[in-house]
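Colleague: Mind docking chain D on chain Z? Use the hints.
There are 2 protein chains.
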Amino acid sequence: MSIQYQSKLFGRTRKDINAEEVSINAQLLTRAGFVEKSMSGVFTFLPLGLRVIKKIENIIREELNNLGAQELLMPSFQSKEVWSKSGRWQDKVGGIMYQFKDSSGKDLGLAPSHEEMITDLVTRQVNSYKDLPLYVYQIQNKFRDEPRAKSGLLRGREFLMKDLYSFTATAAEKETFYQSVHDAYLRIFTRMGLRSFSVEASGGAMSKKYSHEFMVITQAGEDQTVFCEHCGWAQNIEISRLKKGDKCPKCSSILKQEKTVEAGNIFDQETIYTDAFKAKYIDQTGKEQSIHMAAFGIGISRAMGTIVEASHDERGIIWPDQVTPFNVHIVVLGDEPELLTAAKKLAEKLSTELDILFDDRDLSPGQKMYDADLIGIPIQIIVGKKNAPKVEFKIRSQKEAELITMTEAIERCQKYYVKKDIR
Amino acid sequence: MSIQYQSKLFGRTRKDINAEEVSINAQLLTRAGFVEKSMSGVFTFLPLGLRVIKKIENIIREELNNLGAQELLMPSFQSKEVWSKSGRWQDKVGGIMYQFKDSSGKDLGLAPSHEEMITDLVTRQVNSYKDLPLYVYQIQNKFRDEPRAKSGLLRGREFLMKDLYSFTATAAEKETFYQSVHDAYLRIFTRMGLRSFSVEASGGAMSKKYSHEFMVITQAGEDQTVFCEHCGWAQNIEISRLKKGDKCPKCSSILKQEKTVEAGNIFDQETIYTDAFKAKYIDQTGKEQSIHMAAFGIGISRAMGTIVEASHDERGIIWPDQVTPFNVHIVVLGDEPELLTAAKKLAEKLSTELDILFDDRDLSPGQKMYDADLIGIPIQIIVGKKNAPKVEFKIRSQKEAELITMTEAIERCQKYYVKKDIR
Numbered sequence: 003m004s005i006q007y008q009s010k011l012f013g014r015t016r017k018d019i020n021a022e023e024v025s026i027n028a029q030l031l032t033r034a035g036f037v038e039k040s041m042s043g044v045f046t047f048l049p050l051g052l053r054v055i056k057k058i059e060n061i062i063r064e065e066l067n068n069l070g071a072q073e074l075l076m077p078s079f080q081s082k083e084v085w086s087k088s089g090r091w092q093d094k095v096g097g098i099m100y101q102f103k104d105s106s107g108k109d110l111g112l113a114p115s116h117e118e119m120i121t122d123l124v125t126r127q128v129n130s131y132k133d134l135p136l137y138v139y140q141i142q143n144k145f146r147d148e149p150r151a152k153s154g155l156l157r158g159r160e161f162l163m164k165d166l167y168s169f170t171a172t173a174a175e176k177e178t179f180y181q182s183v184h185d186a187y188l189r190i191f192t193r194m195g196l197r198s199f200s201v202e203a204s205g206g207a208m209s210k211k212y213s214h215e216f217m218v219i220t221q222a223g224e225d226q227t228v229f230c231e232h233c234g235w236a237q238n239i240e241i242s243r244l245k246k247g248d249k250c251p252k253c254s255s256i257l258k259q260e261k262t263v264e265a266g267n268i269f270d271q272e273t274i275y276t277d278a279f280k281a282k283y284i285d286q287t288g289k290e291q292s293i294h295m296a297a298f299g300i301g302i303s304r305a306m307g308t309i310v311e312a313s314h315d316e317r318g319i320i321w322p323d324q325v326t327p328f329n330v331h332i333v334v335l336g337d338e339p340e341l342l343t344a345a346k347k348l349a350e351k352l353s354t355e356l357d358i359l360f361d362d363r364d365l366s367p368g369q370k371m372y373d374a375d376l377i378g379i380p381i382q383i384i385v386g387k388k389n390a391p392k393v394e395f396k397i398r399s400q401k402e403a404e405l406i407t408m409t410e411a412i413e414r415c416q417k418y419y420v421k422k423d424i425r
Numbered sequence: 003m004s005i006q007y008q009s010k011l012f013g014r015t016r017k018d019i020n021a022e023e024v025s026i027n028a029q030l031l032t033r034a035g036f037v038e039k040s041m042s043g044v045f046t047f048l049p050l051g052l053r054v055i056k057k058i059e060n061i062i063r064e065e066l067n068n069l070g071a072q073e074l075l076m077p078s079f080q081s082k083e084v085w086s087k088s089g090r091w092q093d094k095v096g097g098i099m100y101q102f103k104d105s106s107g108k109d110l111g112l113a114p115s116h117e118e119m120i121t122d123l124v125t126r127q128v129n130s131y132k133d134l135p136l137y138v139y140q141i142q143n144k145f146r147d148e149p150r151a152k153s154g155l156l157r158g159r160e161f162l163m164k165d166l167y168s169f170t171a172t173a174a175e176k177e178t179f180y181q182s183v184h185d186a187y188l189r190i191f192t193r194m195g196l197r198s199f200s201v202e203a204s205g206g207a208m209s210k211k212y213s214h215e216f217m218v219i220t221q222a223g224e225d226q227t228v229f230c231e232h233c234g235w236a237q238n239i240e241i242s243r244l245k246k247g248d249k250c251p252k253c254s255s256i257l258k259q260e261k262t263v264e265a266g267n268i269f270d271q272e273t274i275y276t277d278a279f280k281a282k283y284i285d286q287t288g289k290e291q292s293i294h295m296a297a298f299g300i301g302i303s304r305a306m307g308t309i310v311e312a313s314h315d316e317r318g319i320i321w322p323d324q325v326t327p328f329n330v331h332i333v334v335l336g337d338e339p340e341l342l343t344a345a346k347k348l349a350e351k352l353s354t355e356l357d358i359l360f361d362d363r364d365l366s367p368g369q370k371m372y373d374a375d376l377i378g379i380p381i382q383i384i385v386g387k388k389n390a391p392k393v394e395f396k397i398r399s400q401k402e403a404e405l406i407t408m409t410e411a412i413e414r415c416q417k418y419y420v421k422k423d424i425r
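For the record, the sequence lines run as chains Z and D.
Using our numbering, the letters of the first sequence correspond one by one to residues 3 to 425.
Using our numbering, the letters of the second sequence correspond one by one to residues 3 to 425.
All copies of an identical chain are treated as equivalent in the list; a pair is satisfied when it fits inside any one copy or across any two copies.
Computed list of lysine-lysine pairs in PhoX-like fashion (alpha-carbon distance at most 25 Å, straight line):
| no. | residue 1 | residue 2 |
| --- | --- | --- |
| 1 | K39 | K82 |
| 2 | K108 | K39 |
| 3 | K401 | K388 |
| 4 | K82 | K280 |
| 5 | K152 | K108 |
| 6 | K87 | K280 |
| 7 | K94 | K82 |
| 8 | K82 | K282 |
| 9 | K17 | K282 |
| 10 | K346 | K132 |
| 11 | K56 | K421 |
| 12 | K282 | K10 |
| 13 | K108 | K94 |
| 14 | K417 | K401 |
| 15 | K103 | K82 |
| 16 | K108 | K82 |
Quick caveat, the hints were computed from the structure, so don't treat them as lab data.
Okay, chain Z solo, but in the shape it has when bound:
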């Protein structure tokens, strides 16, 4: 694990940002030095932001690898020939696919998703029932020509996405895997610190068949979901016959209704793409059969934005434990050498098992505490002359700090992260 000195960290905190930015996630992430917008819907991830992205990616990798899925990496460049087979080249996937010509006049597209490319690959890699089932995913940049990209990281024109595709011999096998991914998604969002509900939805531009969306409650949401806090039943209010105050059809608890953001979606694609690409397999009896397909997406940069929308207060971000860029924020108030030495010793001890952000900047105590709350690392340890040799131990999500010894502070950090196996 590591110590990052804040005086060296690329990405400064700031008090004001471009007034045109209205979304809370982009405001807080920009002010706290996690991201920098370069154009509408397009962001740079500064070192703090990239650390969160990698935490999110690794949660997803762990859960998908446990299902037997394999990671690969497909390119962004797409050919007209391949996308014409599904018919999606012609309408630019409902107008969102960037298309242009290279210097030789050849048509190129940027992938808004990868159904066509993965299905084309499957036609060459899968022949027999022995090659199935196949579960493959990637973590990769997507490009979508979104007419509205005003929600910070929630709606990007260029954004990081995890897309998983399943190919199975039968519809029944597909449904079993669909359900496993459904359950894995709920675990993934829980680990990100998000409470999510799955709702049935239409497939939109990506699928003609039924699908599920995973909704997270936040005021930034564009959808309204009616849901049961008790058993997890939920529906989009546009298709639901029930409303706030009604009884849950599954457990009879009283239903609630909130604005929600879609954090992930899963699509049953039946044999739509595989038939268009003639992706077939030979079964045990020697007969050619259609391959059944489903697709499963999570927007990774979008998840980062959603987490901030769902977990902040008036002072700044409150990172959930498993996606925080650093585990502990040590803030040194004052520049006395003995104070700095004691704080560095604490940082070194903690850094054997945890990632530490160490505020050694030459700023006022008020500015440093302001920034620590803005950045939102779950544990703050404040080392100052006033309380020496004790330190202030503060959980970001709680109001009160405690005065404890450094040894106690180390024990608390271990209990918080290491013993729960969260790092």
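Modeller: Positioned in the frame of chain Z, the structure of chain D alone reads:
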């Protein structure tokens, strides 16, 4: 660590590939199931290939983090406004920058490199001498409209690259860091199993100032380098006054000459970009000063191709130890249950510390041995009825196999990887 059963691995080996593919790297990587070409200069990395990419990335990360460099992630989409400041929008960076318009008519470019974007970012993030030096890098997709893309992974239109940028207060500090990166690059290529020489070169489209290229000897090379095997002195023959057989100007050994591939390059960019963007800092005396810049690239997918060009034989790839997709390839010949049980027990023991590829496919012994040599994992352990309870232990780069016990095989693998801390 892990066990991957080959019967489940996505990416099949094959005997013949598209006849138009002339490069050895693309031929072998495609036949062995590491990559799949989707169009000229554009490849999918299948699970085996992505494992190699991640090994290469992590070697680079380790070495650059040791220099105090910080990782971030910039987008591919670039604005005309920003790139016009350097003048490179107008000539499309010598014709290689993809440019097009989105549905609203706005100009967009795909980044062939990121000097403009990082310098623009630095204007907002750096004010004072206290903010310098700054070393930032990313591992990210680049796009270049290459007229010729016929060398497999060596020349891509879409390719993975590590680009590092340094910003320093003085030219002297820049030169010190330039030299540290120079030395780190030699370590990085050595860890990839590549013998590299640095040569002075012109900056090409990326820089007007002097630069160094890192050359790797292989027959696929487009350049010719005259070099000294003894002390590492080297020059491109186009600018060298010396030739094969002459004496080395540094150590008087006899010079050699070989075809080489450029595996990395570093550019002194002085204040060209920073002045164009008015990226200034305030020095200790309150005076405004220019920021000095240098840029450092390594093509990651290109490195994978270069490794294959430099390390293969007539049977297939020979992966260097630190970039191999798996550490040990266990090949089971025969389908007797007791044979499979013994091999799985071996795999489980090894997998506590190493990554294992386990060939459990229902194929002939000849086909399995053929594939193992083609895939090129450094250690093969062949478990067959003929030699039971002993196994054949074979180093891929050596001709002879040895008959040893499973316990001895485990010890050999530990000695090969774990004790050298290579995994």
